[in-house]
Amino acid sequence: MLEIFQKGGPLMYPILLCSIMAMAIFFERLWIFFRVGRGRDELVREVENLVSKLRIDEAIVVCQRSDTPLARILLAALRAHGRTRDQIKTVVEETGSRESAPLERYLGLLGTIATISPLLGLLGTVLGMIRAFTVIATAGMGTPETLGGGISEALITTASGLAVAIPTILLHKYLTSRLDLMVLKMEESSLRLVDMLGE
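If you count by my numbering, then the sequence shown holds residues 334 to 532, one letter each, in order.
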């Protein structure tokens with residue numbers, strides 16, 4: 334593998350960096366999503382149970398103990414208790430937008446890595462072919478050995494760029510769909526609470 338990496342030329346280093354960054358972002362976001370989703374259903378059940386018994390202060394304490402975006406959204410709704418339903422909903426929507434934004438962190442960068450990785454491979458292809466044609470221009474047709482370096486560099490960087498881009502696209506799609514589902518569940522839970530408080 335090291336020999337193949339070295340034959341790929343200097344562009345193998347940014348391609349390798351892209352792959353390391355992609356994996357780091359994926360596992361970091363996976364951990365964040367796990368933390369955000371952990372205990373979500375229990376929190377919602379406990380808060381809704383307390384609100385149904387008009388124990389708003391206790392529900393506020395429960396939300397304050399939980400350091401998650403959903404808890405902060407529910408807390409904003411509970412603190413708006415006594416206002417009209419539309420006013421509570423507005424507070425919840427504003428808080429929800431503010432809390433969901435950090436969950437999208439690095440996903441744009443992951444998408445960018447998926448885009449530039451094959452372009453880096455393509456650039457390596459072009460540079461490798463330039464090198465091969467330079468040999469032809471200076472030494473005639475040359476030998477397979479003299480041409481092989483440029484052609485192998487071209488093929489290796491192309492393959493490496495695609496090898497990074499394809500799984501990165503899949504990881505990006507997976508994280509995006511998981512985030513969408515998470516936001517949808519937060520919206521459903523907060524709107525149920527809005528309905529309870531706004532009655």
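It should be emphasised that the hints constitute simulated quantities derived from the structure, not laboratory data.
Any given hint could be a false lead.
[Said to hold, decoys possible] Below are the EDC-like pairs computed for lysine to aspartate or glutamate, each with C-alpha atoms no more than 20 Å apart in a straight line:
1) Lys386 to Asp513
2) Lys518 to Glu437
3) Lys518 to Asp390
4) Lys386 to Asp374
5) Lys422 to Asp528
6) Lys518 to Glu379
7) Lys518 to Asp374
8) Lys386 to Glu427
9) Lys518 to Glu426
10) Lys422 to Glu361
11) Lys422 to Glu432
12) Lys518 to Glu432
13) Lys518 to Glu336
14) Lys506 to Glu427
15) Lys518 to Glu427
16) Lys386 to Asp400
17) Lys506 to Glu361
Verification of the hints:
1. Lys386 to Asp513: With Cα atoms ~32 Å apart, lysine 386 and aspartate 513 exceed 20 Å; violated.
2. Lys518 to Glu437: 16 Å, holds
3. Lys518 to Asp390: 24 Å, violated
4. Lys386 to Asp374: 19 Å, holds
5. Lys422 to Asp528: This hinted pair holds, its Cα atoms lying about 9 Å apart.
6. Lys518 to Glu379: 16 Å, holds
7. Lys518 to Asp374: Holds, at roughly 10 Å.
8. Lys386 to Glu427: 27 Å, violated
9. Lys518 to Glu426: Roughly 14 Å between the alpha carbons, so the hint for lysine 518 and glutamate 426 holds.
10. Lys422 to Glu361: 32 Å, violated
11. Lys422 to Glu432: The given pair, whose Cα atoms are some 15 Å apart, holds under the 20 Å limit.
12. Lys518 to Glu432: Holds, because 14 Å separates the two Cα atoms, which is no more than 20 Å.
13. Lys518 to Glu336: With Cα atoms ~49 Å apart, lysine 518 and glutamate 336 exceed 20 Å; violated.
14. Lys506 to Glu427: Not satisfied, since the Cα-Cα distance of roughly 26 Å exceeds 20 Å.
15. Lys518 to Glu427: It holds: about 16 Å lies between the C-alpha atoms, which stays within 20 Å.
16. Lys386 to Asp400: 24 Å, violated
17. Lys506 to Glu361: It holds: about 15 Å lies between the C-alpha atoms, which stays within 20 Å.
In the structure shown, a violation is registered for the earlier hints numbered 1, 3, 8, 10, 13, 14 and 16, in ascending order.
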